[in-house]
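Asks: Starting from the given sequences, assemble the full structure and let the hints guide the process.
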Amino acid sequence: MAPKQSWNFGFKDKKGFVFTLDVLIALVLVVGILFTSSYFINKKIQDPYISLQLMHIGSDFINLLDNQGYFNDINHDKIKSYLDTNLPSQYGMHIQNSGGSCVLDVQTDTLPSNKKIVSGKEFFISNGNFCSLKYEVWLK
Amino acid sequence: MNNKGIFFTFGALFLAMLILALSILGTSTLNQANLRLLEAGSFARVYSLDKSLQRVINNLDEGIDILVITNNDTGNSNITLSETLDTNFEAYNTEFLTNIENLASFIESDEEKIKFNLSLINNETEKVPLIIKPHNIKYTHMMKNNENFIVVYFTESIPSLGFDLTLPNSQVASIDWQNDYPGSDVTFYINATGQNGITYSLEEGLSLAEGDVNKFKVGPTFITVKEGYLELDRANTLVQSTFGASLPYLNDMVTVNYPEGLYKINFTETGIFINSTIRVL
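Note that the protein sequences, when read in sequence, are chains P and S.
When we follow the numbering used here, the leftmost residue of the first sequence carries the number 1, and every step to the right adds one.
When we follow the numbering used here, the leftmost residue of the second sequence carries the number 1001, and every step to the right adds one.
Because the hints were derived from the structure by calculation, they are not lab data.
Don't be surprised by glycine CBs; every beta carbon is placed ideally from N, CA and C.
Please note: incorrect hints may appear among the correct ones.
Quick list of the computed label-pair ranges, beta carbon to beta carbon [claimed, not checked]:
hint, chain 1, residue 1, chain 2, residue 2, range
1, S, Glu1260, P, Asn63, 18 to 28 Å
2, S, Ser1028, P, Val31, 17 to 27 Å
3, P, Thr85, S, Gly1205, 56 to 66 Å
4, S, Phe1043, P, Val31, 35 to 45 Å
5, P, Lys116, S, Asp1110, 23 to 33 Å
As a list, the in silico DSSO-like pairs of lysine-lysine whose alpha-carbon atoms are at most 30 Å apart [as the list claims (entries may be wrong)]:
hint, chain 1, residue 1, chain 2, residue 2
6, S, Lys1138, S, Lys1115
7, S, Lys1051, P, Lys121
8, S, Lys1113, P, Lys121
9, S, Lys1004, P, Lys15
10, S, Lys1264, P, Lys121
Quick look at which bits of chain P chain S covers, simulated, 3 or more residues with Cβ under 8 Å [unchecked claim]:
hint, region
11, 22 to 32
12, 109 to 122
Replies: This is the structure we're talking about:
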């Protein structure tokens, strides 16, 4: 009777080595998954820092415009000119009225379709009317 | 000898489990950090909204000129609050109070998370109170005998306080001290000027011990000073008044504010709640 063929590819009596190899392959897979997931997690976690910075930039510029009286008598050209001069060149901004009777719509650049846009809301007075605006800021 | 492989296996398995545990821990920590950052974003949005609303309220003219001068060396400050009272209590500061009512109705309709409590600055007995911090002095307008009184409540010791008054022509003939309680707790002053330009001045050290009441008659008006309390009864006369006080340094800069809670912002889904403290100055 012929001895039973075993599928050990010449690793007969080296069961431990095969198990070790198996675990090592699994380990490579786990480490691979770990690195890939940490890459995506890190990519995601970096985003809120940028968002916070964008929000602060937007809020600061609304504050500046309000304190310098640009909203008292709204002139779109003057507001755009102020933003073009003072907003750092790597940022884009869009300001639009969101409530009240004021008309406000100023945009420094075209809204990007593939970039993160951060928005916020603020209140202001224009010619004795109470209004609110929405600002959007993005990195060019 | 033959057990070598199994030891390798368990060793590698242990290493794999260790890496897995560390990766779970790392992921969990990163997720928590991510959540905190998202919370920070929400705080930034609400903070920006709150600051803009404070700016709008600050721009409404409450009809009181406020001046604070601080000595950089000592930190002590002198504060004055000036206004012209030419109406009764009912009609006092109508323009400002109407403006803030309009603002409140606009804000509440535009942003449902914000609710105003205007009764804090306009109710049946009191209008437009201002709180001077960190000394917790309350400068307010009270209805007494259907008149509009300026009343100042104070808890901290104030070295010097008083009024500068400008009254209609010929109404100031003298400053009469009605009671006699001399002391040195506080330096109290009155400068009263008729529109003819003649000024009468008084500066006295007063006792503000419990039960002591110091009363002065200046033309048609009456001033009462007692423990923790100063009151100007203008007797329905057109009076231009400036309340002044010397404030000792209390480890913080002097600010003038509306009462806390004039509006509240409540974003329940993010757990952010703001009980407003609006600075006038």
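Asks: Holds or violated: the region 22 to 32 of chain P covered by chain S, criterion of 3 or more residues with Cβ-Cβ distance under 8 Å?
Replies: Since three or more residues must qualify, the claim that chain S covers the region 22 to 32 of chain P holds, with 6 doing so at under 8 Å.
Asks: Is the distance from the Cβ of Ser1028(S) to the Cβ of Val31(P) consistent with 17 to 27 Å?
Replies: Holds, since Ser1028(S) and Val31(P) (Cβ atoms, about 18 Å apart) stay within the stated range.
Asks: Test coverage of the region 109 to 122 of chain P by chain S using CB-CB distances below 8 Å; three residues minimum.
Replies: It holds: at least three residues are needed, and the region 109 to 122 of chain P offers 3 whose Cβ sits within less than 8 Å of chain S.
Asks: Does Lys1051(S) pair with Lys121(P) here, judged by a C-alpha cut-off of 30 Å?
Replies: holds, 11 Å
Asks: Given the proposed pairing of Lys1138(S) with Lys1115(S), does the C-alpha separation stay at or below 30 Å?
Replies: Measuring from Cα to Cα gives roughly 24 Å; hence the hint holds.
Asks: Within a Cα-Cα threshold of 30 Å, do Lys1004(S) and Lys15(P) meet the stated pairing?
Replies: Status holds; Cα separation ~10 Å.
Asks: For the pair Lys116(P) and Asp1110(S), does the Cβ-Cβ distance stay inside 23 to 33 Å?
Replies: Between Lys116(P) and Asp1110(S), where Cβ atoms are some 26 Å apart, the hint holds.
Asks: For the pair supplied as a hint, Lys1113(S) and Lys121(P), confirm whether the alpha-carbon distance does not exceed 30 Å.
Replies: The given pair, whose Cα atoms are some 13 Å apart, holds under the 30 Å limit.
Asks: Does 18 to 28 Å hold as the CB distance between Glu1260(S) and Asn63(P), or does it fail?
Replies: Holds - the Cβ-Cβ distance for Glu1260(S) and Asn63(P), about 23 Å, lies within 18 to 28 Å.
Asks: For Phe1043(S) and Val31(P), compare the CB-CB distance with the range 35 to 45 Å and indicate the outcome.
Replies: Cβ of Phe1043(S) to Cβ of Val31(P): about 37 Å, so the range 35 to 45 Å holds.
Asks: Kindly confirm whether 56 to 66 Å is satisfied by the beta carbon distance between Thr85(P) and Gly1205(S).
Replies: holds, 59 Å
Asks: Does the alpha-carbon distance linking Lys1264(S) and Lys121(P) stay inside the 30 Å limit?
Replies: holds, 17 Å
The structure shown violates none of the earlier numbered hints.
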